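The hints should help you fit chain B onto chain A, whose structure is shown.
2 protein chains.
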Amino acid sequence: MGRNLYHFYRVDSTNAFAARLLAHGRKVTEGTLIIAEAQTEGRGRLGRSWHSEREAGLYFSMVLFPKAPPSLAPLFTLGTAVAMHNAIERDTRLDVDIKWPNDLLIDGKKMCGILSEIQAEVDLVRTMIIGVGVNVNHESLPEEIAGRATSLRIASGRIQSRLEILLEFLEEFERLYMAFERKGPRTIIDQWTRLSSFAQGRKIEIHDGVRKIAGVTRGLNPLGALRIEQTDGRVEEVYSGDLVKWE
Amino acid sequence: MGRNLYHFYRVDSTNAFAARLLAHGRKVTEGTLIIAEAQTEGRGRLGRSWHSEREAGLYFSMVLFPKAPPSLAPLFTLGTAVAMHNAIERDTRLDVDIKWPNDLLIDGKKMCGILSEIQAEVDLVRTMIIGVGVNVNHESLPEEIAGRATSLRIASGRIQSRLEILLEFLEEFERLYMAFERKGPRTIIDQWTRLSSFAQGRKIEIHDGVRKIAGVTRGLNPLGALRIEQTDGRVEEVYSGDLVKWE
Chain A
15 MGRNLYHFYR
25 VDSTNAFAAR
35 LLAHGRKVTE
45 GTLIIAEAQT
55 EGRGRLGRSW
65 HSEREAGLYF
75 SMVLFPKAPP
85 SLAPLFTLGT
95 AVAMHNAIER
105 DTRLDVDIKW
115 PNDLLIDGKK
125 MCGILSEIQA
135 EVDLVRTMII
145 GVGVNVNHES
155 LPEEIAGRAT
165 SLRIASGRIQ
175 SRLEILLEFL
185 EEFERLYMAF
195 ERKGPRTIID
205 QWTRLSSFAQ
215 GRKIEIHDGV
225 RKIAGVTRGL
235 NPLGALRIEQ
245 TDGRVEEVYS
255 GDLVKWE
Chain B
15 MGRNLYHFYR
25 VDSTNAFAAR
35 LLAHGRKVTE
45 GTLIIAEAQT
55 EGRGRLGRSW
65 HSEREAGLYF
75 SMVLFPKAPP
85 SLAPLFTLGT
95 AVAMHNAIER
105 DTRLDVDIKW
115 PNDLLIDGKK
125 MCGILSEIQA
135 EVDLVRTMII
145 GVGVNVNHES
155 LPEEIAGRAT
165 SLRIASGRIQ
175 SRLEILLEFL
185 EEFERLYMAF
195 ERKGPRTIID
205 QWTRLSSFAQ
215 GRKIEIHDGV
225 RKIAGVTRGL
235 NPLGALRIEQ
245 TDGRVEEVYS
255 GDLVKWE
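Here the protein sequences come in this chain order: A and B.
Position one of the first sequence corresponds to residue 15 (this note's numbering), numbered consecutively onward.
Position one of the second sequence corresponds to residue 15 (this note's numbering), numbered consecutively onward.
Hints may contain errors.
Each pair may be met inside one copy or between any two copies, as identical chains are not told apart.
In silico DSS-like cross-links for lysine-lysine, where the CA-CA straight-line distance does not exceed 27 Å [unchecked claim]:
1. K259 with K81
2. K41 with K113
3. K113 with K226
4. K81 with K226
5. K41 with K124
Quick caveat, the hints were computed from the structure, so don't treat them as lab data.
For clarity, every value in this text was computed on a predicted model and none was experimentally measured.
For reference, chain A alone in the conformation it holds in the complex (with noise of 0.2 Å):
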């Protein structure tokens, strides 16, 4: 990962500049790192904005070309979280916690987002970018997010390396990336139980942009949704969607 760099002082969205390098069909090999100072236009999941600091955070995007179909992509999106929980913990010290599918939470308020695209044959991935925001150095969240955000160095009360974070992480994915191509899912789904309190026996409700569904959460199956069983004792097992209520 981040043999081949492409950095930038200020570019609209590190995942919108991988997306037109792949559309021009440049030779883009496995493990293109795009990393930004700024964004003038972050992007989160569903067409969210992502608050993009000046050198404040880390903003950066890995471009992947996994051997998988469409519906293991989410696979990679808990490995990218289970790589940055690690690499912050080992770095900051702080308690890192998983939201799921892949928030990475401190003290219950929000400091990475995850945005995985893909670009593939209907059965089969070309392309994954991976998108992946980090407050780091933050003295402050705009106010209309400081209420549900925050930053390693809120959290922490000092400055935090970005650099080192970064190195960290990458060396992490990297592993989990080459675990995965030998082994399958398990090792990332067993890391991300382990690691998220979300995993099991909590009381939740998600909107799958569809539906509502409230259960306690029973764990994560084979291809990554999360096993939630209902009042009624049903289990309903969740690909993806807006965990929006929580104890």
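Just chain B now, with coordinates in the frame of chain A:
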């Protein structure tokens, strides 16, 4: 469909052009159509090439924004095959078959191929590009494919109208696409099953990239997967692959 149109005398590939349009965030409306008189790098599934002789065939791509997860994307490809089947039969009076999943055949020889590509979040299709190539007025085909490919002209003995076929197709496809939005996959599945001689009771062998699956076909499941009854009686549901042998 087709209210917004790009027409090229020559382009590398209409799908590739559509991908570049989308990657640059241009305002692309749903149903945008890209047509080329010739393609220099016409593409088929799984990285194969598509022979695109100048002004002899129909080479075009449609841009869609279906409100569906990636798992439903194959249905739009089946629908494209159905719509083109109907357009060609109506216009040429030829007898057209659909080979699973979406090749069109006349007398057992291929004269139309479809390549669908999606750009998606891991759980949501953002854009879908459906590319279609039809051999219309080719007088002959390159030696290496002549044994298994044909054109409407070769099969009918007369020149056919590319424009009329295209207009019929757009009308048919629009109807199916709207039926999908209202009623879900049902209409597409039903029509495909009725039109393809491969849908029911056909002895076939499929390679899905990993395994060979041999047996007798038993229709499509509600998501568009082909049901195959194997010799031991087990029914396998196959979402993708190459049909390599059939009787």
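Each hint tested on the structure:
For the homomeric pair K259 and K81, the shortest alpha-carbon distance between copies (25 Å) is at most 27 Å, but the shortest distance inside one copy (35 Å) is not. Taking the shortest alpha-carbon separations for K41 and K113, neither the intra-copy value of 36 Å nor the inter-copy value of 34 Å comes in at or below 27 Å. Taking the shortest Cα distances, K113 and K226 sit within 27 Å of each other inside one copy (17 Å), while across copies they are farther apart (40 Å). When the C-alpha separation of K81 and K226 is checked against a cutoff of 27 Å, the pair qualifies only between copies, where the shortest distance is 18 Å, while the shortest distance within a copy is 33 Å.
In this assembly of identical chains, the alpha carbons of K41 and K124 never lie at most 27 Å apart, being 35 Å within a copy and 32 Å across copies at closest.
Checked against the numbered hints above, the structure breaks hints 2 and 5 and satisfies the rest.
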